[in-house]
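Peer 1: Sequence:
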Amino acid sequence: MSEVLQNGAAAPGDDLPEAAKILVAGGFGAGKTTLVSTISEITPFHTEETLTQSGVGVDDLSGIERKEVTTVAMDFGRITVHDRLALFLFGTPGQDRFWFMWDELAAGALCAVVLADTRRLAASFPAVDYFERRGLPFVVAVNCFDGARAYPPETVRRALTLGADVPVLLCDARQRGSVKEVLVRAVEHVLRRETRHAALI
Numbered sequence: 066m067s068e069v070l071q072n073g074a075a076a077p078g079d080d081l082p083e084a085a086k087i088l089v090a091g092g093f094g095a096g097k098t099t100l101v102s103t104i105s106e107i108t109p110f111h112t113e114e115t116l117t118q119s120g121v122g123v124d125d126l127s128g129i130e131r132k133e134v135t136t137v138a139m140d141f142g143r144i145t146v147h148d149r150l151a152l153f154l155f156g157t158p159g160q161d162r163f164w165f166m167w168d169e170l171a172a173g174a175l176c177a178v179v180l181a182d183t184r185r186l187a188a189s190f191p192a193v194d195y196f197e198r199r200g201l202p203f204v205v206a207v208n209c210f211d212g213a214r215a216y217p218p219e220t221v222r223r224a225l226t227l228g229a230d231v232p233v234l235l236c237d238a239r240q241r242g243s244v245k246e247v248l249v250r251a252v253e254h255v256l257r258r259e260t261r262h263a264a265l266i
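Residue 68 in the numbering used here sits at position 3 of the sequence shown, with consecutive numbering throughout.
Derived from the structure by calculation, the hints contain no laboratory data. Backbone N, C-alpha and C define an ideal beta-carbon position, used for all residues, glycine too. Incorrect hints may appear among the rest.
[What the hints assert, rightly or not] The following label-pair restraints were derived from C-beta to C-beta distances:
(1) F110 <-> P217: 29 to 37 Å
(2) R241 <-> G200: 28 to 36 Å
(3) A172 <-> E259: 14 to 22 Å
(4) P217 <-> G173: 33 to 41 Å
(5) A84 <-> G212: 33 to 41 Å
(6) F165 <-> E197: 18 to 26 Å
(7) R239 <-> I266: 40 to 48 Å
(8) R261 <-> G212: 38 to 46 Å
Model the full structure from these sequences, guided by the hints.
Peer 2: See below:
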C-alpha cells in the first residue's frame, strides 16, 4: 500500500475511494496551517485572523510568542495521491473557544493527523481525547520546530499515553516530502485497522 501511494500507481484490485477526508488537528500554534499549505496542490483556503489584545489572558502564547495570526474556522487543501485517490485536508482551529467547529469538520472523515509541538505537548491532549472518544483513527505527527528539544517517538507516545497501535512520527510541516509521508502513514493506519476488524467478523 505504501508503494502504491508513494509511486502514484494503483495496484490491481485496489478498492480505494475516489476521495478521502483527513482532519489535521492539534494545539494552538502547532503548525496545522503550515502543513496544509505545504502539501496542497491547490491554493489553500484559510480562515485566519490577526491576534489582538482581546486574546490577552485567553490565548496561551507561551513558547509561540511571535505568533501573529490564528485559524478561526478551518484550513482546507487537497492533494492527489494517485489517479484514484485524492485527499481533502481540513485543518481545525487550535484554540478551545473555536472547538465547536470540530464536530462539523470531523463528519465523514477517514482519519486524522494530530500535529504535536514538543514545546507545548500538553496542548495535544484535547485532540487525542477527541479522536479516541469518536473512535476515529489518527496518527500523531511531531512537528520538529527549529530550536525545540527533540524527543524520540516512543517518549512522545508515553507522554501522551497513546496505545501501541497509534503511529507516532517525526515530521517537518514545512517540507512537502515529510508531510506526504505522514499522510501515507495515516491512510495505511486506517487500512490496517479495517483489515484487523474484517478478520474478527
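Peer 1: Holds or violated: the 29 to 37 Å window for the beta-carbon distance between F110 and P217?
Peer 2: Roughly 35 Å apart at Cβ, these two residues keep to the hinted range, so it holds.
Peer 1: Does the beta carbon distance between A172 and E259 stay inside 14 to 22 Å, or does it fall outside?
Peer 2: holds (19 Å)
Peer 1: In this structure, is the beta-carbon distance linking R261 and G212 contained in 38 to 46 Å?
Peer 2: At 40 Å between Cβs, range holds.
Peer 1: Okay, P217 versus G173 on CB: inside 33 to 41 Å?
Peer 2: The hint (33 to 41 Å, Cβ to Cβ) holds, given that P217 and G173 are roughly 34 Å apart.
Peer 1: Within 18 to 26 Å: is that where the Cβ-Cβ distance between F165 and E197 falls?
Peer 2: holds (19 Å)
Peer 1: Taking the beta carbons of R239 and I266, is their distance inside 40 to 48 Å?
Peer 2: With Cβ atoms ~42 Å apart, the hint holds.
Peer 1: Do A84 and G212 keep their Cβ atoms within the hinted range of 33 to 41 Å?
Peer 2: holds (38 Å)
Peer 1: Assuming the hint says 28 to 36 Å, is it satisfied by the Cβ distance from R241 to G200 or not?
Peer 2: Holds - the Cβ-Cβ distance for R241 and G200, about 31 Å, lies within 28 to 36 Å.
Going through the hint list in order, the structure satisfies each hint without exception.
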